Amino acid sequence: MWKLTPREQKLLLVVGLLIVVGLVLRFTLPDPPQEADAPQADHAGDYAGVEFIAQDSAEEEDMIFVHVVGGVHKPGVYQLPEGSRVFEVIEMAGGVLQEELLEYINLAQPLYDGQQLIVPHDIEEAENNAASQSGMSGGLININRASKEELESLPGIGPVKAEDIIKYREENGPFKDIRDLTQVKGIGAKTLENIASYITVY
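Numbering-wise, the sequence shown is residues 1 to 202 according to the numbering used here.
Pairs of lysine-lysine residues, derived as DSBU-like cross-links and limited to a Cα-Cα distance of at most 30 Å, are as follows:
1. K148 with K176
2. K161 with K148
3. K190 with K161
Bear in mind the hints are in silico, worked out from the structure with no lab data behind them. Here the structure is a predicted model, which is why all the values come from computation and not from measurement.
Using the sequences and the hints given, assemble the complete structure.
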(Lines of atoms letter the chains of each structure in order from A and count residues from 1; the text may use other names and numbers.)
(Lines give C-alpha, C1' and ligand atoms only; values in the text may rest on other atoms or scores of the structure.)
Protein backbone atom coordinates (compact mmCIF):
# COMPACT_ATOMS: atom_id res chain seq x y z
CA MET A 1 0.00 0.00 0.00
CA TRP A 2 1.19 3.46 -1.00
CA LYS A 3 2.08 5.65 1.97
CA LEU A 4 2.42 9.45 2.14
CA THR A 5 5.38 11.03 3.71
CA PRO A 6 4.77 13.35 6.68
CA ARG A 7 5.48 16.34 4.45
CA GLU A 8 2.95 15.20 1.86
CA GLN A 9 0.38 14.55 4.58
CA LYS A 10 0.75 18.14 5.88
CA LEU A 11 0.46 19.57 2.37
CA LEU A 12 -2.67 17.55 1.63
CA LEU A 13 -4.19 18.69 4.90
CA VAL A 14 -3.58 22.35 4.07
CA VAL A 15 -5.15 21.98 0.62
CA GLY A 16 -8.20 20.31 2.11
CA LEU A 17 -8.64 23.08 4.68
CA LEU A 18 -8.41 25.73 1.96
CA ILE A 19 -11.11 23.96 -0.07
CA VAL A 20 -13.41 23.72 2.96
CA VAL A 21 -12.90 27.41 3.87
CA GLY A 22 -13.60 28.45 0.25
CA LEU A 23 -16.85 26.53 0.16
CA VAL A 24 -17.98 28.02 3.48
CA LEU A 25 -17.27 31.57 2.33
CA ARG A 26 -18.98 31.01 -1.01
CA PHE A 27 -22.31 30.08 0.58
CA THR A 28 -22.24 32.39 3.61
CA LEU A 29 -21.12 35.78 2.22
CA PRO A 30 -23.84 38.02 0.52
CA ASP A 31 -23.69 38.67 -3.24
CA PRO A 32 -22.03 41.97 -4.30
CA PRO A 33 -24.52 44.81 -5.07
CA GLN A 34 -25.38 45.28 -8.73
CA GLU A 35 -25.60 48.63 -10.55
CA ALA A 36 -29.08 50.11 -10.57
CA ASP A 37 -30.03 50.74 -14.18
CA ALA A 38 -33.51 52.12 -13.52
CA PRO A 39 -32.37 55.28 -11.64
CA GLN A 40 -30.03 56.10 -14.52
CA ALA A 41 -32.93 55.92 -16.94
CA ASP A 42 -34.93 58.22 -14.64
CA HIS A 43 -32.11 60.77 -14.54
CA ALA A 44 -31.92 60.74 -18.33
CA GLY A 45 -35.61 61.48 -18.45
CA ASP A 46 -35.19 64.39 -16.01
CA TYR A 47 -32.50 66.00 -18.16
CA ALA A 48 -34.62 65.58 -21.26
CA GLY A 49 -37.45 67.40 -19.51
CA VAL A 50 -35.22 70.33 -18.57
CA GLU A 51 -33.99 70.65 -22.16
CA PHE A 52 -37.53 70.63 -23.52
CA ILE A 53 -38.62 73.40 -21.15
CA ALA A 54 -35.61 75.49 -22.13
CA GLN A 55 -36.49 75.14 -25.79
CA ASP A 56 -40.07 76.21 -25.11
CA SER A 57 -38.85 79.28 -23.25
CA ALA A 58 -36.55 80.23 -26.11
CA GLU A 59 -39.44 80.04 -28.56
CA GLU A 60 -41.58 82.58 -26.71
CA GLU A 61 -42.34 85.58 -28.96
CA ASP A 62 -42.92 89.25 -28.21
CA MET A 63 -46.48 90.24 -29.08
CA ILE A 64 -47.98 93.45 -30.47
CA PHE A 65 -51.54 94.82 -30.61
CA VAL A 66 -52.99 96.29 -33.81
CA HIS A 67 -56.37 98.04 -34.17
CA VAL A 68 -58.02 97.24 -37.50
CA VAL A 69 -60.88 99.52 -38.61
CA GLY A 70 -62.79 100.24 -41.81
CA GLY A 71 -63.57 97.86 -44.63
CA VAL A 72 -62.98 94.47 -43.00
CA HIS A 73 -65.53 91.91 -41.88
CA LYS A 74 -64.42 91.86 -38.21
CA PRO A 75 -62.91 95.20 -37.09
CA GLY A 76 -61.18 95.09 -33.73
CA VAL A 77 -57.92 94.84 -31.80
CA TYR A 78 -55.76 91.86 -32.67
CA GLN A 79 -52.68 90.39 -31.02
CA LEU A 80 -49.87 89.13 -33.26
CA PRO A 81 -46.20 88.18 -32.96
CA GLU A 82 -43.77 91.05 -33.42
CA GLY A 83 -42.67 91.26 -37.06
CA SER A 84 -46.07 90.33 -38.49
CA ARG A 85 -47.28 91.91 -41.75
CA VAL A 86 -50.45 93.69 -42.80
CA PHE A 87 -51.85 90.71 -44.71
CA GLU A 88 -51.78 88.62 -41.51
CA VAL A 89 -53.91 90.98 -39.43
CA ILE A 90 -56.34 91.50 -42.33
CA GLU A 91 -56.83 87.73 -42.45
CA MET A 92 -57.49 87.71 -38.70
CA ALA A 93 -60.07 90.46 -39.24
CA GLY A 94 -61.99 88.28 -41.70
CA GLY A 95 -60.60 89.83 -44.89
CA VAL A 96 -61.56 92.99 -46.77
CA LEU A 97 -65.12 93.76 -47.85
CA GLN A 98 -64.08 93.91 -51.52
CA GLU A 99 -61.18 91.96 -52.96
CA GLU A 100 -60.33 94.88 -55.26
CA LEU A 101 -59.36 96.91 -52.18
CA LEU A 102 -56.24 94.80 -51.77
CA GLU A 103 -54.66 96.68 -54.68
CA TYR A 104 -54.65 99.84 -52.54
CA ILE A 105 -53.10 98.20 -49.46
CA ASN A 106 -49.44 97.38 -48.89
CA LEU A 107 -49.96 93.83 -47.63
CA ALA A 108 -46.24 93.28 -47.01
CA GLN A 109 -45.84 96.29 -44.71
CA PRO A 110 -44.57 95.39 -41.20
CA LEU A 111 -46.90 96.09 -38.29
CA TYR A 112 -45.94 97.82 -35.04
CA ASP A 113 -47.40 97.82 -31.55
CA GLY A 114 -50.27 100.27 -31.07
CA GLN A 115 -50.85 100.74 -34.79
CA GLN A 116 -54.30 101.56 -36.18
CA LEU A 117 -54.73 100.04 -39.62
CA ILE A 118 -57.44 101.86 -41.58
CA VAL A 119 -58.86 99.81 -44.44
CA PRO A 120 -61.07 101.66 -47.01
CA HIS A 121 -64.70 100.51 -47.27
CA ASP A 122 -64.89 100.65 -51.07
CA ILE A 123 -62.97 101.52 -54.22
CA GLU A 124 -64.11 105.16 -54.22
CA GLU A 125 -62.85 105.69 -50.69
CA ALA A 126 -59.58 103.92 -51.52
CA GLU A 127 -58.99 106.16 -54.54
CA ASN A 128 -59.80 109.31 -52.56
CA ASN A 129 -57.39 108.24 -49.84
CA ALA A 130 -54.68 107.55 -52.40
CA ALA A 131 -55.14 110.99 -53.88
CA SER A 132 -55.15 112.83 -50.55
CA GLN A 133 -52.34 110.78 -48.99
CA SER A 134 -49.89 110.79 -51.88
CA GLY A 135 -47.22 112.15 -49.59
CA MET A 136 -48.58 115.59 -48.74
CA SER A 137 -50.68 116.65 -45.74
CA GLY A 138 -51.49 120.34 -45.35
CA GLY A 139 -48.37 121.23 -47.32
CA LEU A 140 -46.21 118.88 -45.25
CA ILE A 141 -44.53 115.75 -46.60
CA ASN A 142 -45.66 112.58 -44.90
CA ILE A 143 -42.43 110.60 -44.55
CA ASN A 144 -44.43 107.38 -44.18
CA ARG A 145 -45.94 107.67 -47.66
CA ALA A 146 -43.72 110.05 -49.60
CA SER A 147 -42.13 108.89 -52.81
CA LYS A 148 -38.39 109.07 -53.46
CA GLU A 149 -38.85 112.27 -55.50
CA GLU A 150 -40.89 113.95 -52.73
CA LEU A 151 -38.28 113.07 -50.11
CA GLU A 152 -35.54 114.50 -52.34
CA SER A 153 -37.38 117.82 -52.32
CA LEU A 154 -36.52 118.20 -48.62
CA PRO A 155 -33.47 120.32 -47.67
CA GLY A 156 -30.35 118.16 -47.41
CA ILE A 157 -32.06 114.96 -48.61
CA GLY A 158 -30.52 113.59 -51.78
CA PRO A 159 -31.21 110.38 -53.72
CA VAL A 160 -29.19 108.17 -51.36
CA LYS A 161 -30.81 109.43 -48.16
CA ALA A 162 -34.25 109.28 -49.77
CA GLU A 163 -33.68 105.63 -50.66
CA ASP A 164 -32.43 104.94 -47.12
CA ILE A 165 -35.62 106.46 -45.66
CA ILE A 166 -37.83 104.30 -47.87
CA LYS A 167 -35.76 101.18 -47.11
CA TYR A 168 -35.94 101.85 -43.38
CA ARG A 169 -39.74 102.21 -43.29
CA GLU A 170 -40.19 99.09 -45.46
CA GLU A 171 -38.06 97.03 -43.07
CA ASN A 172 -39.19 98.55 -39.77
CA GLY A 173 -42.68 99.87 -40.44
CA PRO A 174 -43.99 103.44 -40.45
CA PHE A 175 -42.26 106.18 -38.47
CA LYS A 176 -44.15 106.91 -35.26
CA ASP A 177 -42.53 110.32 -34.81
CA ILE A 178 -40.46 112.56 -37.09
CA ARG A 179 -37.59 112.19 -34.60
CA ASP A 180 -37.37 108.53 -35.59
CA LEU A 181 -35.71 109.72 -38.80
CA THR A 182 -32.44 109.90 -36.88
CA GLN A 183 -32.50 106.08 -36.86
CA VAL A 184 -31.86 106.19 -40.63
CA LYS A 185 -28.22 106.02 -41.66
CA GLY A 186 -26.83 109.43 -42.57
CA ILE A 187 -29.59 111.47 -40.92
CA GLY A 188 -28.51 113.20 -37.73
CA ALA A 189 -29.97 115.82 -35.43
CA LYS A 190 -28.82 118.68 -37.67
CA THR A 191 -30.51 117.24 -40.77
CA LEU A 192 -33.70 116.60 -38.82
CA GLU A 193 -33.67 120.18 -37.54
CA ASN A 194 -33.45 121.47 -41.12
CA ILE A 195 -36.40 119.45 -42.41
CA ALA A 196 -38.62 119.23 -39.30
CA SER A 197 -40.88 122.08 -40.42
CA TYR A 198 -41.51 120.38 -43.78
CA ILE A 199 -42.47 116.86 -42.67
CA THR A 200 -45.14 115.00 -40.75
CA VAL A 201 -46.23 111.44 -39.91
CA TYR A 202 -49.70 109.86 -39.75
